[in-house]
Amino acid sequence: NAGVMQNPRHLVRRRGQEARLRCSPMKGHSHVYWYRQLPEEGLKFMVYLQKENIIDESGMPKERFSAEFPKEGPSILRIQQVVRGDSAAYFCASSPPGRTYEQYFGPGTRLTVT
Amino acid sequence: SQQGEEDPQALSIQEGENATMNCSYKTSINNLQWYRQNSGRGLVHLILIRSNEREKHSGRLRVTLDTSKKSSSLLITASRAADTASYFCATDAYMAQGGSEKLVFGKGTKLTVNP
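Top to bottom, those sequences are chains L and D. Residues in the first sequence are numbered from 31 upward in steps of one, following our numbering. Residues in the second sequence are numbered from -1 upward in steps of one, following our numbering.
Keep in mind the hints are simulated off the structure, nothing from the lab. Note that CB positions come from ideal geometry on N, CA and C, so glycine has one too.
A few chain D residues that face chain L, going by a derived Cβ cut-off under 8 Å, partial list only: (1) Arg39; (2) Leu41; (3) Phe86; (4) Lys100; (5) Leu101; (6) Val102; (7) Phe103; (8) Gly104; (9) Gly106.
Computed spacing ranges between beta-carbons, pair by pair: (10) Pro127(L) / Arg48(D): 15 to 23 Å; (11) Lys57(L) / Arg58(D): 28 to 36 Å; (12) Lys57(L) / Asn112(D): 35 to 43 Å.
Covered stretches of chain L (in silico footprint by chain D; criterion: 3 or more residues with CB under 8 Å from a CB of chain D, positions within the stretch not fixed): (13) 71 to 82; (14) 126 to 136.
Taking the hints into account, I'd like the entire structure generated from these sequences.
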């Protein structure tokens, strides 16, 4: 059973470009979470999704950020018009049904905005 | 505001010594978990302790939980150089908004084990 997959592992974008980060949850997991980690900081919750539904987006910046988890395919975290402050590691986690506290993390995508 | 706060922020010990890291939190929790993160890598789940448990062991790891003090400790015994990493505690909010079980992380303790 493969773990949580994220791609790309590293992403470099110029200011103003769009960044698309992908996350494939573990097989059988129906819940996906996105977290952001700034250098020397802990992870901060961004958004929680189930298939085709955003359950909790209380940690998402109001502008430029969006997330989806379609019926088919990976979950996508999209950042439009990136700025230098968006440079961070973005981690995805997934959990099995009924055990949402049991989150398994992917290796992360390190976004660098130049 | 931050739920979990680990201390110390950094800890340097010699191989073979024990390492103790502490975590304090603010609100009621269902579970508390400890994760390890090697530099530039993802998080590895170490251990979960439920709010009705006081102590849990896993190999060289021992976790305690004191809900009256809202604190937890992670003890790594007989440390090895390979234990060098950052260690984070994470709590899940008891009455999370929207019913979600988002994890709230502290800033972590950076452990260095010198050979």
